[in-house]
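Residue numbers (this note's numbering), protein chains in the order written: chain A, 1 to 483; chain B, 1 to 493; chain C, 1 to 95.
In short, the hints are calculated from the structure, not lab data. Errors might be hidden in some of the hints.
Claimed, not checked - Each pair of labels, with its calculated beta carbon distance range:
1. Arg4(C) / Leu419(A): 27 to 33 angstroms
2. Pro76(B) / Pro272(A): 50 to 56 angstroms
3. Ser474(A) / Pro76(B): 55 to 61 angstroms
4. Ala246(B) / Thr96(A): 55 to 61 angstroms
5. Thr146(A) / Val48(C): 43 to 49 angstroms
6. Met1(C) / Leu419(A): 20 to 26 angstroms
7. Ser32(C) / Lys57(B): 45 to 51 angstroms
8. Ser32(C) / Arg288(B): 40 to 46 angstroms
9. Gly366(A) / Asp112(B): 40 to 46 angstroms
10. Ser117(B) / Ala365(A): 47 to 53 angstroms
We treat Cβ as the ideally placed atom computed from N, Cα and C, and that holds for glycine.
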Amino acid sequence: MIHQPIHTLADAYRRGDLTPTAVAEAYLARIDALDRRVRAYLTIVREQALAAARESERRWRAGTPRGPLDGAPIALKDVLCTRGVRTTAGSKILDTFVPPYDATVVERLRAAGAVILGKTNLDEFAMGSSTEHSGFHPTRNPWDLTRVPGGSSGGSAAAVAAGMAAGGFGTDTGGSIRQPAAFCGVVGMKPTYGRVSRYGVVALASSLDQVGPFAQDVTDAAHLLGAVAGHDRRDATSIPAPVPDYAAELAKGVAGLTLGLPDEYFIDGMDPDVERAVRAAIEVLKGLGARVESVSLPTTRHALAAYYVILPAEASSNLARYDGVKFGLRVSAHDLVGMESRTRAAGFGAEVKRRIMLGTYALSAGYYDAYYGKAQSVRTLVRREFAAAFARVDLIVAPTTPNVAFKLGEKEDPLSMYLNDVFTIPGNLSGITGVSVPCGFSVSGLPIGLQILGRPLDEARVLRAAYAYEQATSWRGRRPDLP
Amino acid sequence: MSAPAHYEVVIGLEVHAQLLTRSKMFCGCPTTFGAAPNSQTCPVCQGMPGVLPVVNKKAIELAMRTALAFGCRVNPACRFARKHYYYPDMPKNYQISQYEEPLAEEGRLEIDIDGASRTIGIQRLHLEEDVGKLVHEGTLETAQASLVDFNRSGVPLMETVSKPDLRSPEEAAAYLKAFRAVLVFLGVCDGNMEEGSLRCDANVSLRPRGSTTLGTKVEIKNLNSFRNVQRALEFEVKRQAQALDAGEGIRQETRLWEADRGYTRSMRSKEYAHDYRYFPEPDLVPLRIDSRWVDEIQAALPELPRARRQRFVAQYGLPGYDADVLTQSRALGDYYEAVLREPAPSAGADRPKIVSNWVMSELLRVLPGDDERAIATSPIPPRHLAGLLRLIDDGTISGKIAKDVFQKMFDSREDAATIVGREGLTQVADETALGAIVDSVMAANPKAIDDFKRGKTVAKKSLFGQVMKATGGKANPTLVDRLLEDKLAKIQR
Amino acid sequence: MIDRKDVEHVARLTRLALTEEELERMREQLNSILTHLDTLRGVDTEGVEPTAHAVDLVNVMREDEVEPCLPQDSMLANAPDRSGELFRVPRIIEE
Ligand SMILES: [Zn+2]
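So that you can see chain A by itself, here it is in the shape it has in the complex (with noise of 0.2 angstroms):
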């Protein structure tokens, strides 16, 4: 039962082959056997997963399941609030921070009748591309574990590949879901900006940060959308727009379908087998009757420096409220500048610190219009090459990451851990909707994931493209070598 896709297994508890309840067993099962390695859980729920999937139980038995998600076991990336569980964002600060709520996603979920089985870990507050900067531990990637998941959101993606949950969620800030999909070989989705509610989601970047699903295929992923996207009246950046029914829309195939291939997005230095079977993947789409059209993005290479502006700038006020006086950590001292300072130098990890001071600095008197100002002007120009882009082709296709899965250890510096992410930083600038797909293996046995890219709202073509590839191709059918 490992493995199985969330749709087989509620085609299981239909039939009544499988119970949610074995299924959740045997998945902390297997957490219980194998985290010791790959270490994706900060925190695990038993208990509560497992009355969560007896209540899923009786409902699958009295014939009223609330719908796919039922009895799904799942892990939530620890940025998502959960009423009385511990949520920490991957950082010492808030090791003890317990939320009295749940965020709006991790409510939906509860309603559509998900089983939670645990809180998954990440770069401290999201800031990384590795899992490696987690306050508490790195997780490792189910397909090499000398190698790093990607992240932030490394924790929901090796758990979803390594069989320890069936499907998971994860934030995408400049990446944070699709980057360790492919580096996972899993299905993740970055949907457009306000489609899912950020709201209990504890904030990296405001501006860009969005909630999506880590998946085995891409119809569970149409599902796990589906069960989260939609308006919040809490979150005034919400879009009220209606849902539709991804899963419903994904067979319609890619043929008379208009892809867009960015010349940016194959750049020197990146690894040659990602460039191969990035190449091979459209050449299936186009197989399948999809046309594909050369379009240009040149604000691409300044897309990073503007991330890197904005995204501090941001944090460094969303981080503000750390300060040992409300909850999570405090360090004492005499008074209250020191407890606070102190707190803070404890509490948070060096790329953090190293973070909320370059944003300081960029918000601070006189520097303001030459980087912020600067920057946000900049987000203007990629947002309207995209928008020029798509008014020719419907989607636009390219490579999630210009290399494989990297050691452990192997990116000490912060500016050769930055550039992992400069296929999906435009994507969060612009708002716009993207998915990593798995397109293939390196040479040396690694995952890589194809990106498509599509406009605000557009999931569902995005998601339709995805699964028609998905269909063509066989990869979704390797596992990584574990027990």
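Please arrange chains B and C with the ligand on chain A, whose structure you already have, making use of the hints.
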């Protein structure tokens, strides 16, 4: 303690007013004052990880109402920004406020000072969220710890910044009084300074008389009553004048008014913290205030006290004193005009003044005129007062009886006609019936008649009293007087 | 280029007690990152409006309705230090 004549005082005020919304600025927690500490909070107003703000529409509309009353330009596009500084009563360590794009700008407020009127410019008006309340274990200087209550955190605040148009501490106090009156009248703030609903900071500088450049300004915080505004500014003006006279410069700084000790002192901690690192609040989308919305708010705007007072004098011919009294609250002015709108077929041209007399002497004897609610829910509605006055006009009751009826109306909430009818208070105005009573009173008082014949005209007064007594006070006094006059004249002859 | 004093100032602004060694490393790393970020100066953004939001929504507001607060206990449960119903912080020294 005014400034030496060779300096001109330049003062600008920043007033923070808590808006009268039911819920907070960005969450649904109530704004009620005085609840148990931290009992009126939620993850949003306590700045917990993951929370997001959502704007309270009523707060925007109350601020628009105020802006329009001050004649401000309401900006078609405005947005919120984050203002950063660390303080333990501010849960997120940033305050959601407005910076480059405030709600409204460029208005004015007229103040009365020494019998003359002055116009004070208003620079900007914007919205923000309040912080929590910090109390110290002991005094600030000796406390080993401070305690935080977040109940007030997130309450909507409207900040209004005046132009540096105020020229004396007295003017500053007058501005604050006029400002408060407008806010209370508009129903946007309860104006309660003790509970902190209205708070004031001042910027003050001195310059040589005749100079047009501004001197170094000092910000003074904690001016939480009219008296304190005046006292603190008087102290500060004197302090600055002495420093300037001694050839010392003025340091640009923030000073705290210590009301108990009567001086201002420097708050050094605020100095380097002035780098607020504003940037547009990414969790909130911009506001677009179109002319339709502005017109809607404008149309619902009540007439301000000052304009209404002037109109009452011009339109109704009321003395200035009456107009002052009647416009002390919105409800009282409304009440007065509602009485005037009721039909009064037998009334004379002096009706506005008569109604004014009744409102001032009778209504305000039983209800406080500045209490909007009390007046608006008066047991004697305007229709009932108008009905009472009609009974006087048509001679059904006397003015004296009417005062008793007024009290009965107040106690029972009934209208005048019902009370007068039930209690038989109609005055006897039938000449024949009254003539008979007068005859019998005269017959029963031969001594008074004799006295009258001997020229003691005071005897007529005694007979008048006897007739009124015999009719239980209900006789029409004018008629009684004429009848007695006639009958006594006959005897005389 | 930002110097040591700038780094100290920024650290104080954002309440981070950094060691001598951290301050020095921070200075180097920030300079290296800022050098990269300075490539933005070369982008022509003349007349380009800044984008603060990735959504084009305006006037998102809620009605003025009271919703239940969370119980006092649960709002105080995470307090690192408290005194009865209040959060407790060490004394505030005015610098
Ligand atoms: Zn609240």
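Cross-check of the supplied hints:
For Arg4(C) and Leu419(A), the hinted distance range of 27 to 33 angstroms is satisfied, since their beta carbons lie about 28 angstroms from each other. Take Pro76(B) and Pro272(A): their Cβ atoms lie about 55 angstroms apart, and the range 50 to 56 angstroms holds. For Ser474(A) paired with Pro76(B), a C-beta distance near 58 angstroms keeps the hint of 55 to 61 angstroms intact. The supplied range of 55 to 61 angstroms is met by Ala246(B) and Thr96(A), whose beta-carbon atoms lie about 56 angstroms from each other.
Between Thr146(A) and Val48(C) the CB atoms are about 45 angstroms apart, so this pair conforms to the stated range of 43 to 49 angstroms. Taking the beta carbon of each, Met1(C) and Leu419(A) are about 23 angstroms apart, inside 20 to 26 angstroms as hinted. Between Ser32(C) and Lys57(B) the beta carbons are some 47 angstroms apart, a value that agrees with the proposed interval 45 to 51 angstroms. Checking the proposed 40 to 46 angstroms range against Ser32(C) and Arg288(B) shows it holds: the Cβ atoms sit about 42 angstroms from each other.
At roughly 44 angstroms, the beta-carbon separation of Gly366(A) and Asp112(B) lies within the given 40 to 46 angstroms, and the hint holds. Separated by about 41 angstroms at the C-beta atoms, Ser117(B) and Ala365(A) break the suggested range of 47 to 53 angstroms.
Comparing the model with each earlier hint shows a violation of hint 10 alone; every other hint is respected.
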